[in-house]
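Student: One-letter residues, chain by chain:
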Amino acid sequence: MLLLATLIPLALAGRDYPLFLATTAVIHALLAVSLDVVVGGLGLISLGHAALFGIGAYLSAAAMLGLGLPWLLALVAAGLGGAVAGLVLGALSLRIRGHYFVLVSLGFGEIVRLVLLNWKSLTRGADGVIGIPSPSLGGVAIGSKLGVYFLSLGVLVAVIVLTRRVRTSPLGRAAVAVRADEMAARASGVSPALVKLSALAWSGAAAGLAGSLYAHFYTFISPDVFTVDVSVTVLVMVIVGGAGTAGGPLLGALLLTVLPEWLRPFRQYYLIVYGAAVVLVMVFLPEGVVGTLRRARLRPRAALT
Amino acid sequence: MSLLETRGLTKRFGGLTALDDLTLTVQPGEVRGLIGPNGAGKSTFINLVTGVVRPSAGSVRFRDEDVTSWPTHALFRRGLARTFQTPRLAPGLTVLESVLVARVHLGPLELFRSLAGGRARRHAERTWRHAVRQDLEAIGLGACAEDPVETLPHGQRRLLEIARALARGPSLVILDEPAAGMSDVETSRVTTLIRSLAARGLAVLMVEHNMGLVMSVADRVSVLDFGRVIAEGRPADVQGDPAVHEAYLGRVDGGEATPHA
Amino acid sequence: MPQLLLNGIAIGCIYALVSCGFVWVYQSVGAVNFAHGELVMVGAYLGVTASVLLGWPPAVSLVVAVGAGALLGLVFQRVAYRPVRGRPALSFIVVSIGMSILLRNGALAVWGPDPVAPPDLVGGRMLRVGDSVLSAHHLLIIVVTALVFLMQALFFAGTRLGRRLRATAEDQETAQLMGVNVRAMIAWTFTLSAALAALAGVLVAPVIFVSPDLGLFIILKAFIAIVIGGFGSIAGTLVGGVFLGVIEVLTAAYVSSAYKDVVAFALLVVVLLVLPHGFFGERIGERA
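Residue numbers (the working numbering), protein chains in the order written: chain A, 12 to 316; chain B, 580 to 840; chain C, 3 to 290.
Derived from the structure by calculation, the hints contain no laboratory data.
Think of the CB as a built atom: it goes at the ideal place given N, C-alpha and C, for glycine as much as any other residue.
A few of these clues could be false.
Covered stretches of chain B, going by a simulated chain A footprint (3 or more residues, C-beta under 8 Å) [what the hints assert, rightly or not]: (1) 674-681; (2) 780-794.
Pair ranges (Cβ atoms, derived) [to be verified]: (3) R87/C x L157/A: 46 to 54 Å; (4) R308/A x Q713/B: 43 to 51 Å; (5) L163/C x L595/B: 27 to 35 Å; (6) H733/B x G181/C: 44 to 52 Å; (7) R308/A x R87/C: 44 to 52 Å; (8) G760/B x T176/C: 17 to 25 Å; (9) G88/C x V168/A: 50 to 58 Å; (10) R774/B x G32/C: 24 to 32 Å.
Looking at chain A on its own, in the form it has when it is part of the complex (with noise of 0.2 Å):
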């Protein structure tokens, strides 16, 4: 929450690149809340995200330019196909032991990605799709860079609220006790099942409302753009912002936005230095920055008890 005022302020820089940046970040940060759901949520790890994020551009591309449909209505059916794949992946999640997921993911967002570059007639392939109108609301287009920012704040949170919302339902916590011993969830009436579905139809919801947001914001989107790199960088992002934290996945996406940019003249070694990062994060600060910063906050408290 107090990561959320930082980023207001942001806003009112009234220059072009910082503000690219920002709505980039935005993005990133609803692709990092979303798939939170499922790997901070559920404890799975998904590989497919890019998937149900490009589901949503390509829906949301599609609505507003071969339906004619306004932005909102766009906006709207790019969340509900990501909520459809979100399904998709869930029941292949039930099929299948829990390590194993990380590869049908995996093939699941390739499968994706290759679909949309051989179904030329429907995507125009690598092609891509171009001049992709800003979005609107009320008929109205939105076509500066400011408006659009905020707009794709507001979307993150209203995410955000949702899903905390979510956390503290009865879903919630059945989620928390699903991934907690499954067994145990089955014997107090929990579907685990019921449970899992929903954690993926709401994440490809959030992320295929990311896709929206990107195909209005970039104007052109194309199968290169939702691949696997794109999956692995929003899952770096949650783990080293912090797994299942509030603030960890926005973190994250700041981070992992910002700092390649920084970075970019020295991109080789930053690249290696990315892997082992992850690598050391891992080993060293399994719980992320966010998680690790909670976890020595409790100590003094636990020591107590």
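Knowing the structure of chain A, use the given hints to seat chains B and C on it.
Tutor: Coordinates of chains B and C only, in the frame set by chain A:
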């Protein structure tokens, strides 16, 4: 009509037959004991009856329905609850929340309901919490309702598990070694608890290898060995049965048989 | 047609080799090594470097690459597995993802992004079999694979080290109680797995383009092979791999080369939904 009935229940793992043609009934409101030395097949029995594992042959009927292929959570909703040998609680939840999980039914469209929120939901949540708090008071866990489950000592963890099992007012509770690792004082508390459950009209199926506890509380006892029922009847009758002695004392590991006079 | 089938079987054998090493680690350690594909990729690059850049004869390059791969495996388990040994399997998966990023970008830095198509190990020789002319390299792949699978069956059943490795894979605690040095066994498992991966890499290099992205591609295919053949079954990976390889090649030839990957993944989804235990393996899905 029996509350729970297994017919010809059999389970084979690879070359081993863990349960062999087991037929057992539990009547409504009775306290039923199932005892046997280690490896007799007690855990397998529980897993089969609670939908964790599918039988190789045979069927399970509960409340006059064939529930052989039902999953655990569906059985729980129908009124068949169980506890575990070692209490399995979810870290990250408080005592109150653990019972809430069992109490609140999640429908298929639960996600939408959670997202929508609303006043009715908040009111329902308050009602549930109040009801669960009362249940916790009744069982003696009222004081630690808001504590995280990780902080509970062993005896209370077991109580919590039982509270969780009772959350939806089941008709049958299967207790898996309820007195394991407990002191005499705690064991007698469990005995009292079981008697009070029976007084409430609940059927209890105790699976134990501590003979003493079962004998003092059960209405009927079945003795299991090598996957088969070798004796069945009232505790006094079973205690005197030579086959039972043979099973417990004639084995190399002996189990933990301490029949009380 | 015979060359086509040969191609399919050969590529399927590669998938089987990669899957085999992958399953060894999974059975031993209980977690997915996401960087396994990168080990194949590095092996491929090392083989190419040795034979093309350094001009060494193919046999020497092979041995060097496999040896280096083994060494890499040893280092890998020390750096990536040991530190997170006690923790839930999630940790190792994430660490292995980090290692995969590290290796992929390391390869990018060292060898550049452009795909490399090295010459094959037998100098492009073709053999005449009946009416057809078949590529010797593909035959070599099949022969090597058969040898590997045979040897590993003998190794695990017949030698002391092999039996100890199996015991560790089945039940670490019991093995430890029986005096097996579990840590050493795990180190061995990773080392052997990486060596096998490197071997697969060197063999596959002339057949597919070698690029830093080879790892991701191959681990996915290997996974599909495992799913088709059935988890927990080494023999299954051979069947699954060959089946996948042949289907891919036939799709590429008769439908379209663009669709061969789509078909492979579609196969994954279908098998998962319809036949979760593959042809041979244990059920990997939820029980009852």
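Student: Take the hints in turn and mark each one as holding or not.
Tutor: Structure-based check of each hint:
1. 674-681: holds (count 5)
2. 780-794: violated (count 0)
3. R87/C x L157/A: 46 to 54 Å: 50 Å, holds
4. R308/A x Q713/B: 43 to 51 Å: Given about 34 Å between the Cβ atoms, the range is violated.
5. L163/C x L595/B: 27 to 35 Å: 30 Å, holds
6. H733/B x G181/C: 44 to 52 Å: About 34 Å separates the Cβ atoms of H733/B and G181/C, which means 44 to 52 Å is violated.
7. R308/A x R87/C: 44 to 52 Å: 28 Å, violated
8. G760/B x T176/C: 17 to 25 Å: Holds - the Cβ-Cβ distance for G760/B and T176/C, about 24 Å, lies within 17 to 25 Å.
9. G88/C x V168/A: 50 to 58 Å: At 39 Å between Cβs, range violated.
10. R774/B x G32/C: 24 to 32 Å: Roughly 44 Å apart at Cβ, these two residues miss the hinted range, so it is violated.
Going through the hint list in order, the structure does not satisfy hints 2, 4, 6, 7, 9 and 10.
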